[in-house]
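Build the full structure now, drawing on both the sequences and the hints.
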Amino acid sequence: MSGIFEYNGGSIVGMKGKNCIAMACDRRFGQQMSTITTNYQKVFKIQDNILLALSGLNSDIHTFYALMEKEINLYNLKENRKMKPTTFANLVASALYERRFGPFFVTPIVAGLENGKPILATYDSIGCKSDLDDFQVGGTGGNYIYGACEAFFKPDLSPEELEEVIGQSLVSGCDRDSLSGWGGVVYVLTEQKLTVKILKTKQT
Amino acid sequence: MTDFALTTFSSKGKLLQIEYALNAVAKGDTAIGIKAKNGVVLVVEKKQSSILIEESSVQKIALLTDNVAATYAGLGPDFRVLSQQARKLVKKYDLKYQEEIFVQTLSRELAEDVQIATQRGGIRPFGVSILIAGYDEEGPHLVQLDPSGAYYSWKATAIGKQAKNAKAFLEKRYNADMEIEDAINTALLTLKEGFEGQITPTNIEVGVIRDDHVFRILPASQVKDYLEELE
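Residue numbers (the working numbering), protein chains in the order written: chain Y, 1 to 204; chain X, 1 to 231.
It is worth saying that the hints were derived from the structure and are not from the lab. Fair warning: there could be bad hints in the mix.
Listed next, the in silico PhoX-like pairs over lysine-lysine satisfying Cα-Cα at most 20 Å (straight line) [stated by the list, open to error]:
1. K82/Y <-> K197/Y
2. K129/Y <-> K84/Y
3. K129/Y <-> K117/Y
4. K60/X <-> K129/Y
5. K192/X <-> K27/X
6. K47/X <-> K96/X
7. K192/X <-> K47/X
8. K164/X <-> K78/Y
9. K78/Y <-> K37/X
10. K96/X <-> K129/Y
11. K92/X <-> K70/Y
12. K82/Y <-> K117/Y
13. K193/Y <-> K117/Y
14. K172/X <-> K37/X
15. K27/X <-> K60/X
16. K164/X <-> K46/X
17. K82/Y <-> K70/Y
18. K46/X <-> K84/Y
19. K27/X <-> K46/X
20. K92/X <-> K84/Y
21. K78/Y <-> K155/X
22. K129/Y <-> K78/Y
23. K47/X <-> K60/X
24. K197/Y <-> K45/Y
25. K96/X <-> K82/Y
26. K84/Y <-> K91/X
27. K37/X <-> K14/X
28. K172/X <-> K27/X
29. K70/Y <-> K27/X
30. K45/Y <-> K193/Y
31. K27/X <-> K155/X
32. K155/X <-> K172/X
33. K60/X <-> K161/X
Everything numeric in this text was worked out from a predicted model, so none of it was measured.
Okay, structure coming up:
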């Protein structure tokens with residue numbers, strides 16, 4: 001299977017703002033050149049203050065998300081407390097490496113707020129964690145989104161500004177990628193609330 | 001490994017093997033733990049059976065990780081095995097979450113290993129009660145882990161030979177506003193109360209953790225200073 005990461009297509013992006021974080025993803029679920037559905041969920045709320053975005057093979061997106069849900073639920077019950085975003089970020093890395101020789105074909109992005117401080121981490125498919133940047137991308141349209149991010153991004157944006165910037169970056173990037181698009185969803189998380197906005201894009 | 005359990009119920013509903021294990025604990029050298037507002041102290045008797053024993057080779061307080069340590073009353077070798085298992089549990093947690101383990105989590109997971117020894121074929125229960133002292137995000141903790149696998153969080157407690165008298169002494173002396181320095185003095189006073197013979201810096205072991213989350217076993221020179229302060 002040439003390009004198992006390209007089989008289903010899809011793009012994700014995460015950004016840090018001032019005491020807030022944002023995640024965005026496209027909505028396409030395809031099988032190579034065929035588009036199957038235009039409402040596939042790729043960003044998941046793991047906890048009130050943690051978002052997990054996944055790009056790659058859709059089957060693994062779903063399975064890996066289910067695995068992380070199970071882990072955090074068991075953790076909440078066993079430890080009798082919520083999981084910190086940095087802890088979850090490390091858990092994702094461990095979980096991916098556990099499958100080092102039969103990996104999940106996903107490239108996750110974790111975003112969260114820990115005591116008001118934005119947390120953003122990205123990984124390759126076998127768990128190499130990188131948490132040094134203020135924005136990260138994943139998926140087939142990733143590189144195109146990078147370009148838009150570099151142009152639009154500024155540090156310490158407010159939630160409203162961040163929503164605008166991440167939305168524009170996603171849409172511009174996905175426009176160039178045939179395997180991503182068919183709408184976008186933007187999630188902005190602050191201490192008080194999580195807002196979800198559905199974006200219209202070029203319907204191709 | 002045999003297939004049948006060695007620890008089985010008596011007609012009165014007791015697990016005699018666990019009772020007997022607790023008897024072994026009650027014969028062991030006294031260990032005392034006190035939790036203060038800003039730290040925890042562990043103090044344990046280290047009576048040597050002969051003057052020929054190399055004192056420095058005996059360590060009764062075992063560091064489980066930077067911010068958690070444990071001591072015991074009962075069978076030394078059993079404690080050695082359990083503290084090694086505890087260290088592995090800490091590292092397993094660390095590998096998965098890359099974070100400092102919570103004392104309650106460690107206690108619970110270690111307690112599982114202790115309980116298994118009361119319900120598995122061919123093995124006997126552990127002959128130690130363990131006092132776990134640590135400082136994590138939630139604050140200072142002092143936990144006692146018994147041969148049955150039951151664990152209890154304490155403000156102050158004692159295990160071993162002088163447990164009963166020491167706890168009675170502690171009940172009078174303990175107050176919730178204690179700072180760690182007061183706790184250290186109180187722990188030493190409590191141990192001194194029931195001590196057979198003269199208490200010296202080399203026949204006891206003292207370990208302290210403060211709000212810097214670092215557990216330290218005090219060198220004999222520091223213990224000497226604290227003991228002199230008691231006079």
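* **Hints the structure fails to honour** => 1, 4, 6, 8, 9, 18, 21, 22, 27, 28, 29, 31
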